[in-house]
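Number of protein chains: 2
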Amino acid sequence: MTAGNTIAVDGMGGDDAPAIVVDGLDRFAAERRDFRFLLAGDEAQLRPLLAAARHAAPLTELMHAEAVIAMDAKPSLALRQGRRTSMWAAIQAVKDGGAAAAVSAGNTGALMAIAKLVLRTAEGLRRPALVGSWPTLKGVSAVLDLGADIAADAEQLIEFAIMGEAFARAVHHKPRPTIGLLNIGSEEMKGHDSIREAARLMRELNLPIEFLGFVEGDDISMGAADVVVADGFSGNIALKSAEGVARMFTIALRESLTSSLRAKLGAAIALPALAALKARFDPRSVNGGVFVGLNGIVVKSHGGADAVGFARALAVAADLSASDFQSSISANLKRLGEALTMRTAVGASEEPAK
Amino acid sequence: MTAGNTIAVDGMGGDDAPAIVVDGLDRFAAERRDFRFLLAGDEAQLRPLLAAARHAAPLTELMHAEAVIAMDAKPSLALRQGRRTSMWAAIQAVKDGGAAAAVSAGNTGALMAIAKLVLRTAEGLRRPALVGSWPTLKGVSAVLDLGADIAADAEQLIEFAIMGEAFARAVHHKPRPTIGLLNIGSEEMKGHDSIREAARLMRELNLPIEFLGFVEGDDISMGAADVVVADGFSGNIALKSAEGVARMFTIALRESLTSSLRAKLGAAIALPALAALKARFDPRSVNGGVFVGLNGIVVKSHGGADAVGFARALAVAADLSASDFQSSISANLKRLGEALTMRTAVGASEEPAK
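Protein sequences appear in the order of chains A and B. When we follow this note's numbering, the leftmost residue of the first sequence carries the number 13, and every step to the right adds one. When we follow this note's numbering, the leftmost residue of the second sequence carries the number 13, and every step to the right adds one.
Think of the hints as simulated: they come from the structure by calculation, not from any bench. There may be inaccurate statements among the hints.
When chains are identical, the list treats them as one kind, so a pair holds in a single copy or across two.
[To be verified] Cut-off 25 Å, straight-line C-alpha distance, at most; resulting in silico cross-link-like pairs (BS3-like, lysine-lysine):
{"#": "1", "residue 1": "Lys107", "residue 2": "Lys276"}
{"#": "2", "residue 1": "Lys276", "residue 2": "Lys128"}
{"#": "3", "residue 1": "Lys290", "residue 2": "Lys276"}
{"#": "4", "residue 1": "Lys150", "residue 2": "Lys290"}
{"#": "5", "residue 1": "Lys107", "residue 2": "Lys128"}
{"#": "6", "residue 1": "Lys276", "residue 2": "Lys150"}
{"#": "7", "residue 1": "Lys86", "residue 2": "Lys290"}
{"#": "8", "residue 1": "Lys150", "residue 2": "Lys186"}
{"#": "9", "residue 1": "Lys346", "residue 2": "Lys150"}
{"#": "10", "residue 1": "Lys346", "residue 2": "Lys128"}
Based on the provided sequences and hints, a complete structural model is requested.
And the structure:
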C-alpha cells in the first residue's frame with residue numbers, strides 16, 4: 013500500500029453511515045482495482061459491513077476510531093472531540109503520508125475546521141476554498157468558493173482561479189479549462205472592486221490559465237466557463253439558488269406527469285427519454301466537493317448521498333490523487349507570487365493604463 | 013383622466029418596440045377598463061399602431077417624443093439625450109402628476125438613472141432598489157435588491173424589507189407577507205456583518221413586518237419566505253443563477269421529449285399536463301420589476317418580453333397605483349427612523365444582549 017493510491021475514508025460520516033459509506037466503497041472498488049482504502053470508524057460496526065463488501069474487503073484496512081462527529085455538531089465541539097473521531101483519523105492518515113486523500117460525508121464545518129488544523133493551508137496561499145461540480149448544458153463546470161469563507165479580495169480570487177483550473181483538469185478531464193469571474197451585468201456598476209481588480213490582474217499577469225472575463229449567474233448553467241470563480245458568499249448563494257430551482261422543477265415535473273391518467277400514460281411512453289434526462293442531471297454524478305488549498309486532498313461527500321453518490325466522491329478523490337493536482341497548484345501559485353512581486357518591483361501597479 | 017388610474021408607457025423601449033408595447037397595452041386595456049394611458053414616443057410610428065388597437069385606442073393619449081434610448085446605450089449617454097426621449101417623457105408624466113406609474117421595457121441602466129434623477133429617492137430612504145417576482149413551489153415570492161446597487165448595510169437591508177413587503181401586499185396580494193434575509197448556512201460564519209446586524213435589528217425594532225430570519229438560496233424556490241431580502245450583488249447572482257438553471261431545464265426537457273419518436277408520442281399524450289407545467293413557470297407571468305424607493309412608481313418590463321409579458325408589467329403598475337404601496341412604505345420608513353432614533357437615544361445600540 014502506497015499513499016499515492018490509498019484513500020482514507022471516514023466510515024462514520026453522513027446521514028446513513030456507516031452502511032452507505034461501505035456500500036459506496038464497495039461500488040467504487042468494483043470499478044477501480046488500482047486503489048487501496050483506509051476505513052476509519054467504529055470497528056465493531058464496520059467489520060461486519062466490510063466483510064459483506066466483497067470488492068472492497070480485500071483492499072481495505074480498518075482504522076478504529078471510537079468517536080463520531082454529529083452531523084449538526086458545531087465545529088468548535090468537533091475540534092474538542094478531536095483525535096478520537098473517525099473524521100480526524102481519515103485526515104490524519106493524509107497528514108501522516110498513509111493516504112493521498114481523505115473522503116467524508118460528515119459535518120461540513122467540522123471537516124473544514126479539522127482539515128485546516130491538521131493539514132494546514134498550502135504555502136503561498138492565504139485561505140482554502142470549497143470547489144464543487146455544477147451540471148451545465150455542455151456537461152459540467154467547476155464553481156468555487158462555495159462557502160469556505162464569506163469574502164475574497166482580488167488576489168484570493170486569482171488563487172481560486174488557479175485551484176479551480178487544476179480541479180477542472182484533474183476531475184472534469186478538461187485539458188485547458190476556461191475561467192470566468194462571477195459578476196453582475198449592470199452597466200453602471202460592474203460588481204465589487206475586488207472582482208474588477210482580479211479581472212485586471214488576471215489579464216495583466218499572463219498566468220498560464222485561460223481567463224475569459226466576467227460571467228453572470230445565468231451563464232453558469234449554460235456552461236459559458238469551465239471554472240466559475242466567486243467569493244464564498246456569492247458562490248454559495250449561486251449554488252443554493254440553482255439547487256432550489258432544480259428541486260422545484262423536479263417536483264413540479266413529477267407532479268405534472270402524475271396529475272392525470274393521460275399524463276401518466278404519456279410519461280410511461282416517454283420513460284426512456286425522461287430517464288435519460290434524469291440521469292443527465294443526477295446530483296449524484298456531481299457529488300464530491302473538494303477543499304482546495306490544503307497540504308492534502310480532502311473530499312466532502314453530500315451528507316445525504318447514497319452509495320452511488322459516495323462512490324462518485326471516492327472517484328473525485330482518486331482522480332485528484334492520480335493527477336498533478338497539488339503540484340500544478342503549487343507551481344501556479346508560485347508563478348502568481350513572482351508575477352505580483354515583479355509587478356510591484358517595476359511599479360506596474362501604479363496607475364495602470366486602462 | 014386622473015393620475016391615480018393613469019399609467020405612462022414608454023412606447024419605444026424594448027427589443028420589439030413599439031409594436032409589442034402597443035399590443036401589450038391593448039391586451040391590458042381589454043381586461044382593465046378602469047385605467048387610462050399616456051403613450052410616449054414617435055407619433056408617426058405610434059399613431060397607426062394605436063389606431064389598430066381597439067381596446068387601448070379610446071383610453072390612450074399620445075405624447076410625442078422624438079428620441080429613443082438604445083437598448084445598449086450607456087446610462088450616461090441616456091442622461092445626455094435626456095428629455096427628448098420616450099423613456100424620459102413617461103417618467104416625467106409621473107413627476108408632473110399626470111400619471112401614477114411609468115412602465116418601460118427599455119434599457120435598465122438608463123431607466124434607473126433617469127428615474128432617480130427625475131423622481132428622486134423617497135424621503136427617509138438612502139437608495140432605491142429593484143424588486144422582482146420569483147416563481148416558487150408555493151406560488152410567487154418577491155426578491156430584492158436585484159441589482160440597483162451592489163452593496164447594502166444593515167439599515168438599507170431593513171429598508172428593502174419594508175419596500176418588498178409593500179410590493180408583496182400590492183402585487184402578490186398577500187395580506188401579511190413573511191420576510192427572509194438571504195444568507196449562507198455555514199455554521200462558523202453566518203454571512204456578512206451587515207446581514208447579521210439587520211436580522212438583529214429587525215427582531216429588536218418591533219416593526220410591523222413578519223420577519224422570519226435567515227433563508228438560504230435553495231429556500232427561495234421552495235417559497236420559504238414571501239419576500240427575500242439581499243444586497244443587490246447577491247440578489248442579482250441568485251436571480252441570474254436561478255434563471256440559468258430554469259433555462260437549462262427547459263432546453264433539456266424539450267431535447268429529451270423530442271429525442272425519439274417514442275418520446276414525441278409520450279409528450280403528445282402528456283401535452284395538457286406539460287402545457288400546465290409550462291404555464292405554471294411562464295416567465296411572462298412574473299414580468300415587471302419595480303424600482304422601489306422613488307417618489308413615484310417605475311416598472312421595468314423585460315426587454316425581450318412579448319405582448320403578454322408587457323401586459324403583465326402594466327398590471328404590476330396598475331396594482332401598485334391602486335394600492336397604498338407608496339404611503340405604506342413612507343409610514344414604515346418613518347417608523348423605522350423613529351425606532352432607530354429611540355434606540356440610539358436610550359443607548360440600546362451599545363453592547364446588545366445576544
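Hint check results:
no.	hint	verdict
1	Lys107 / Lys276	neither (54 Å within a copy, 55 Å between copies)
2	Lys276 / Lys128	neither (51 Å within a copy, 52 Å between copies)
3	Lys290 / Lys276	both (17 Å within a copy, 17 Å between copies)
4	Lys150 / Lys290	both (16 Å within a copy, 23 Å between copies)
5	Lys107 / Lys128	within (11 Å within a copy, 58 Å between copies)
6	Lys276 / Lys150	between (30 Å within a copy, 23 Å between copies)
7	Lys86 / Lys290	neither (35 Å within a copy, 43 Å between copies)
8	Lys150 / Lys186	within (12 Å within a copy, 40 Å between copies)
9	Lys346 / Lys150	neither (32 Å within a copy, 51 Å between copies)
10	Lys346 / Lys128	within (21 Å within a copy, 48 Å between copies)
The structure fails to meet hints 1, 2, 7 and 9 from the earlier list, while all remaining hints are met.
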